[in-house]
Amino acid sequence: MLIKWLLLLPVVLLAGWMILAGVFVDEASTYDRAEQLTLGSIGDPDNLNPIISSTVSAAEVDNYAFNGLLKYDENINIVGDLAERFQLTQDSTAFFASAQAAAVAMGKLRAARARWADMKLQSVRQDDDRLVLHFADASAPAAGTGYEEALLAIIDRKALTGVTVLTVSFNPGSGAAGKTADEVQRKLTALAGRCGVRIWETVPIGTSLLGVSVLGDAAAFREQLPAALSAVSGEVADWLAEALLNEPVITFVLRPNVRWQDGEPLTAGDAAFTYRAILDPQYLSPRGSDFWPVKSVAAPDERTFVVRYRYPYSESVSSWMMSLLPRHILEGRSAEWWADHYNSRPIGTGPFRITEWRHNEFIRLEAFAGYFEGPPNLPAVVYRILPDPFVNEVAFDAREFDVNTLLPFQVRRYEHDRDFEVFRRWGLGYDYIGWNLESPLFADKSARVALAHAVNVERIIRYVYRGYARQANGTFPPQMWYADKDLKCLAYDPALARRMLAEAGWADRDGDGILEKDGRKFRFTLITNNGNTLRASIQMLVQDDLKKVGIAVDTATYEWAVFIKNYIDARQFDACVLGWSVGYSFDQYQIWHGSQAKPPGLNFVSYRSPRADELLLKIRTTFGRPELTELCRRLQKVIYDDQPYLFVAFPETVSALYADKYVVRRPSGAGGWIVEPIRNTKMGFMYYDRWWAEASRHPLPGGRRRP
Amino acid sequence: MTSFLLRRLAISVVVLVGITIISFFIINLAPGGQVALPGSELNPSFTPQLREQMRRQFHFDEPLYVQYVLMMRDMFTGRLTSFADGQSAVGKVLRRAPATMALSAMAFLITFSCSLPLGIHAAVRRGRWQDGAISIASFAMISLPSFWAAYMLVFAFVRLFRLPTLGTRTFGVVFASPLGAFVDMTWHVFLPALTLALAGIASDSRYMRASMAEALKDDFIRTARAKGLSEASVIYKHALRNSLRPIITFIGYQLPAFLGGAVIIEQVFGYPGMGQLMYTAMMQRDMPVIMVELVIGSTLVLLGNLLADVLYGVVDPRVRVA
Numbered sequence: 002m003l004i005k006w007l008l009l010l011p012v013v014l015l016a017g018w019m020i021l022a023g024v025f026v027d028e029a030s031t032y033d034r035a036e037q038l039t040l041g042s043i044g045d046p047d048n049l050n051p052i053i054s055s056t057v058s059a060a061e062v063d064n065y066a067f068n069g070l071l072k073y074d075e076n077i078n079i080v081g082d083l084a085e086r087f088q089l090t091q092d093s094t095a096f097f098a099s100a101q102a103a104a105v106a107m108g109k110l111r112a113a114r115a116r117w118a119d120m121k122l123q124s125v126r127q128d129d130d131r132l133v134l135h136f137a138d139a140s141a142p143a144a145g146t147g148y149e150e151a152l153l154a155i156i157d158r159k160a161l162t163g164v165t166v167l168t169v170s171f172n173p174g175s176g177a178a179g180k181t182a183d184e185v186q187r188k189l190t191a192l193a194g195r196c197g198v199r200i201w202e203t204v205p206i207g208t209s210l211l212g213v214s215v216l217g218d219a220a221a222f223r224e225q226l227p228a229a230l231s232a233v234s235g236e237v238a239d240w241l242a243e244a245l246l247n248e249p250v251i252t253f254v255l256r257p258n259v260r261w262q263d264g265e266p267l268t269a270g271d272a273a274f275t276y277r278a279i280l281d282p283q284y285l286s287p288r289g290s291d292f293w294p295v296k297s298v299a300a301p302d303e304r305t306f307v308v309r310y311r312y313p314y315s316e317s318v319s320s321w322m323m324s325l326l327p328r329h330i331l332e333g334r335s336a337e338w339w340a341d342h343y344n345s346r347p348i349g350t351g352p353f354r355i356t357e358w359r360h361n362e363f364i365r366l367e368a369f370a371g372y373f374e375g376p377p378n379l380p381a382v383v384y385r386i387l388p389d390p391f392v393n394e395v396a397f398d399a400r401e402f403d404v405n406t407l408l409p410f411q412v413r414r415y416e417h418d419r420d421f422e423v424f425r426r427w428g429l430g431y432d433y434i435g436w437n438l439e440s441p442l443f444a445d446k447s448a449r450v451a452l453a454h455a456v457n458v459e460r461i462i463r464y465v466y467r468g469y470a471r472q473a474n475g476t477f478p479p480q481m482w483y484a485d486k487d488l489k490c491l492a493y494d495p496a497l498a499r500r501m502l503a504e505a506g507w508a509d510r511d512g513d514g515i516l517e518k519d520g521r522k523f524r525f526t527l528i529t530n531n532g533n534t535l536r537a538s539i540q541m542l543v544q545d546d547l548k549k550v551g552i553a554v555d556t557a558t559y560e561w562a563v564f565i566k567n568y569i570d571a572r573q574f575d576a577c578v579l580g581w582s583v584g585y586s587f588d589q590y591q592i593w594h595g596s597q598a599k600p601p602g603l604n605f606v607s608y609r610s611p612r613a614d615e616l617l618l619k620i621r622t623t624f625g626r627p628e629l630t631e632l633c634r635r636l637q638k639v640i641y642d643d644q645p646y647l648f649v650a651f652p653e654t655v656s657a658l659y660a661d662k663y664v665v666r667r668p669s670g671a672g673g674w675i676v677e678p679i680r681n682t683k684m685g686f687m688y689y690d691r692w693w694a695e696a697s698r699h700p701l702p703g704g705r706r707r708p
Numbered sequence: 089m090t091s092f093l094l095r096r097l098a099i100s101v102v103v104l105v106g107i108t109i110i111s112f113f114i115i116n117l118a119p120g121g122q123v124a125l126p127g128s129e130l131n132p133s134f135t136p137q138l139r140e141q142m143r144r145q146f147h148f149d150e151p152l153y154v155q156y157v158l159m160m161r162d163m164f165t166g167r168l169t170s171f172a173d174g175q176s177a178v179g180k181v182l183r184r185a186p187a188t189m190a191l192s193a194m195a196f197l198i199t200f201s202c203s204l205p206l207g208i209h210a211a212v213r214r215g216r217w218q219d220g221a222i223s224i225a226s227f228a229m230i231s232l233p234s235f236w237a238a239y240m241l242v243f244a245f246v247r248l249f250r251l252p253t254l255g256t257r258t259f260g261v262v263f264a265s266p267l268g269a270f271v272d273m274t275w276h277v278f279l280p281a282l283t284l285a286l287a288g289i290a291s292d293s294r295y296m297r298a299s300m301a302e303a304l305k306d307d308f309i310r311t312a313r314a315k316g317l318s319e320a321s322v323i324y325k326h327a328l329r330n331s332l333r334p335i336i337t338f339i340g341y342q343l344p345a346f347l348g349g350a351v352i353i354e355q356v357f358g359y360p361g362m363g364q365l366m367y368t369a370m371m372q373r374d375m376p377v378i379m380v381e382l383v384i385g386s387t388l389v390l391l392g393n394l395l396a397d398v399l400y401g402v403v404d405p406r407v408r409v410a
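Protein sequence lines correspond, in order, to chains A and B.
Those letters in the first sequence? Residues 2 to 708, by our numbering.
Those letters in the second sequence? Residues 89 to 410, by our numbering.
Hints in this document: simulated from the structure, not taken from any laboratory.
Keep in mind it's a predicted model, so treat the numbers as computed, not measured.
Glycine included, C-beta positions come from ideal geometry on N, C-alpha and C.
One or more of the hints may lead you astray.
[Said to hold, decoys possible] Some chain B residues flagged as far from chain A (calculated, every beta-carbon gap over 12 Å):
1. L97
2. I198
3. P360
[To be verified] Pairs of lysine-lysine residues, derived as DSS-like cross-links and limited to a Cα-Cα distance of at most 27 Å, are as follows:
4. K315/B with K5/A
5. K486/A with K638/A
6. K5/A with K325/B
7. K518/A with K548/A
8. K446/A with K296/A
9. K296/A with K5/A
10. K325/B with K109/A
[As the list claims (entries may be wrong)] Label pairs and their in silico Cβ distance ranges:
11. S297/A with I109/B: 46 to 54 Å
12. N567/A with F243/B: 54 to 62 Å
13. N131/B with K446/A: 46 to 54 Å
14. T387/B with Q283/A: 28 to 36 Å
15. R183/B with S297/A: 39 to 47 Å
Please construct the entire structure, taking both the sequences and the accompanying hints into account.
Here you go:
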């Protein structure tokens with residue numbers, strides 16, 4: 002019957018078409034795919050504008066397309082990128098009670114001229130009741146180092162009027178509720194008058210912050226400040242009391258002949274513009290807080306960029322690894338214009354130019370021939386965004402991309418396969434269990450140490466991380482220069498844990514297997530966010546370990562936003578499993594400082610340690626590697642001893658690369674080329690602009706050979 | 089007919105407004121509250137000052153009904169921007185629309201063309217092993233979770249046949265002719281559409297079977313056989329026509345259903361359609377994009393229902409829409 006065949010026709014046609022299409026797709030191929038580097042990524046970037054983006058995938062893509070003034074080399078040292086060289090100097094002002102006292106101090110300094118070279122002191126000038134000192138090296142007189150001590154020994158600390166530098170935030174909102182910087186300044190000046198201190202200088206930062214320096218004994222001022230600020234919905238963001246007003250100055254000299262990817266030359270004005278854009282509230286840049294300590298920037302000529310700080314801020318140099326934005330395109334444009342015309346296809350100075358971004362599909366970058374270090378060897382780099390770890394693995398096996406970051410359970414298979422090269426390096430974060438220190442169970446330090454002894458971290462590393470991690474011994478990643486990688490971890494010792502708990506008064510009096518003390522059972526809920534199997538596994542193993550020493554653990558998982566809002570930010574939890582991705586920075590003030598314990602600060606375990614607070618502040622204001630290393634190691638030990646967290650593990654980052662395709666090819670300087678295999682560094686794969694596809698001997702996608 | 093249509097359209101608009109109001113309030117009152125950029129809460133760069141600014145920019149400090157009015161106003165004046173990246177929300181959704189339309193069309197085609205013959209075959213051979221086999225297969229297909237089926241298909245096609253499966257086009261390949269690109273695109277639409285269609289085939293074939301079996305039991309079929317008409321004619325000319333009525337209405341309802349069912353499947357296949365955008369927007373709590381998708385999706389559902397009702401009147405002369 003005709004209708005019967007008509008009904009079957011669509012099915013037959015569809016099936017036939019699909020088989021033919023499959024065959025066609027299978028056969029089709031070009032060499033483009035062979036030449037371009039394809040990387041896989043699970044997440045779509047939020048935004049490709051480097052000052053606005055906050056996702057890891059955006060940072061990876063921007064790495065190819067942008068440069069900052071500085072960058073890390075493969076040993077995590079800071080070197081110049083767009084800056085040919087840079088210099089860190091410092092101008093310090095010493096305040097005295099009178100011009101006479103200043104003259105006396107000036108005399109003393111002149112007499113001690115032989116010691117100036119040690120302190121890197123270059124010049125001193127008297128200005129009424131002040132002395133202005135210029136240091137050629139800013140690591141010299143920073144607070145807490147030997148040099149400042151030497152200087153103060155000469156001048157006589159008691160003759161100085163102390164300086165306090167603080168940052169005040171206020172509500173700049175529109176209407177009656179909002180205030181301007183001027184109004185806040187007037188309030189502060191009035192308060193200063195009442196407290197007998199003098200406001201030396203105020204610097205507006207963005208639209209909602211004011212940097213203030215105050216002379217004199219600021220104790221009373223500090224006490225009354227919160228009350229005065231409450232009228233403008235403000236608070237003190239940071240506070241630094243010093244003997245001198247130290248203003249570090251970084252001077253960058255840019256490389257000549259650097260061009261933006263649209264051909265325009267790079268100038269120091271671009272750096273100044275980037276700084277202003279970061280602080281401009283309309284662009285909502287999360288990088289703003291890195292630049293709060295900046296007092297002013299200047300571009301005296303096309304190649305010189307000078308940044309002056311309000312106080313010594315140890316991360317000031319590394320903050321200039323921030324990618325620069327092109328002023329000639331973006332200045333004066335609204336945030337909407339940026340979103341529509343720039344943020345999806347930005348222009349930078351890097352070796353590859355972003356040419357196409359199809360959301361949740363791929364980002365395509367093409368080689369920029371005018372790159373200042375020479376054109377890249379590869380014609381294109383593509384970031385493929387794959388939605389799902391399972392699909393990711395399947396696609397990687399089908400050679401749909403070249404490099405893949407592996408999850409712990411995938412690694413062994415690739416390690417044993419000769420088609421792949423597996424690269425391992427330490428990651429930049431750690432996983433931990435945070436104890437709510439406000440809870441009576443965890444307020445006692447010996448209980449926390451006992452818990453650390455009771456948990457078998459080795460077992461967790463073996464079965465959850467499959468061995469691709471090491472036990473965490475504190476809050477700094479082990480490969481960083483400031484970390485104490487040899488600090489001994491608390492050993493797994495359940496017998497010791499039981500003894501310690503018994504000594505603290507915990508005993509199982511009713512025979513139910515759970516310890517009690519003062520009528521309270523040692524029972525708590527361990528929570529984490531859902532969707533993370535690693536954290537769920539840690540929950541289970543910890544629950545099992547603690548049961549063996551008589552502690553009952555209940556577990557729960559919550560959706561992320563609920564988890565954060567109702568439990569973490571509200572401080573309504575007993576213990577949580579979480580992780581930090583700390584990056585290369587040693588400044589962990591926000592995680593550990595006592596002032597950050599109240600919501601919405603990140604010190605959600607409510608850790609309050611005066612010793613740690615002191616170290617955290619010193620770390621923020623100390624330059625100089627040896628000093629910083631010492632301070633960081635001390636901080637690591639203080640925190641680890643206190644066990645506000647059970648530090649679980651530092652995971653490794655493992656990547657797999659198809660072994661036969663890429664090498665690094667660099668100019669040898671003598672007109673030839675050096676060809677070397679891809680190496681893994683502490684920073685991961687580097688020199689992507691130098692990667693080269695050895696066109697002669699790689700297979701085509703799908704396993705077919707070139708004819 | 090015209091007055092019927094006009095009345096229905098007016099009611100649809102009211103329903104649409106009601107949907108947006110209810111959805112807006114439910115989503116914003118969800119636990120976790122209004123979040124500017126989920127995932128950034130534990131990011132130290134997001135200082136309290138920055139969060140304040142973001143809250144103000146996204147109008148989170150206004151009461152909910154004011155936010156609703158502002159959002160609707162912005163949506164219809166084209167100024168609505170996504171919380172996630174500041175691009176036009178309507179633009180974002182519409183850019184994804186062609187891919188989803190292609191996916192829905194292909195899924196519909198597969199469903200329709202496969203379920204009719206299967207249902208008819210099962211009804212004609214009811215009680216025999218063919219009927220049982222098709223029933224078992226249908227129940228299996230309905231029971232299998234669609235995302236699992238998606239994974240299995242990806243696995244099979246990549247591992248066994250070494251064919252590309254993800255996205256809308258074969259990655260990294262440039263086709264010489266537009267025809268080649270078109271064929272490639274149909275191939276990439278096929279697998280997700282097949283996954284989407286599985287549940288549809290199973291349920292539609294059951295409906296077809298039931299409807300057909302009902303029709304075959306009727307008196308006029310006995311009359312037709314008694315008159316000596318061929319079996320094929322009896323089934324395909326007489327019984328089929330009468331059993332198509334319920335199927336036509338299902339068509340109208342199923343078109344928008346493909347839109348919703350595509351969310352997880354698009355995610356697995358990396359297929360950049362509206363479903364994947366909805367999923368991402370929900371994870372990011374990106375209200376503008378969610379609302380735009382809801383408006384568009386609800387409009388399609390309402391139009392689909394309207395179409396089904398009109399078709400019903402067309403197909404069955406006994407039913408007159410008034």
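These are the hints, each one checked on the structure:
1. L97: Check passes; 33 Å lies beyond 12 Å.
2. I198: violated, 6 Å
3. P360: It is violated; P360/B is separated from chain A by about 5 Å at its closest Cβ, not greater than 12 Å.
4. K315/B with K5/A: Satisfied, since the Cα-Cα distance of roughly 21 Å is no more than 27 Å.
5. K486/A with K638/A: holds, 11 Å
6. K5/A with K325/B: holds, 9 Å
7. K518/A with K548/A: Between K518/A and K548/A the Cα gap is close to 16 Å, so the pair holds against 27 Å.
8. K446/A with K296/A: violated, 42 Å
9. K296/A with K5/A: Violated. K296/A to K5/A sits at ~83 Å, over the 27 Å cutoff.
10. K325/B with K109/A: Since the Cα atoms of K325/B and K109/A sit roughly 115 Å apart, the hinted pair is violated (cutoff 27 Å).
11. S297/A with I109/B: 46 to 54 Å: Distance hint for S297/A, I109/B holds at roughly 51 Å.
12. N567/A with F243/B: 54 to 62 Å: Because 38 Å falls outside the window, the suggested range is violated.
13. N131/B with K446/A: 46 to 54 Å: Hint violated: Cβ distance 29 Å, outside 46 to 54 Å.
14. T387/B with Q283/A: 28 to 36 Å: holds, 34 Å
15. R183/B with S297/A: 39 to 47 Å: The hint (39 to 47 Å, Cβ to Cβ) holds, given that R183/B and S297/A are roughly 43 Å apart.
In the structure shown, a violation is registered for the earlier hints numbered 2, 3, 8, 9, 10, 12 and 13, in ascending order.
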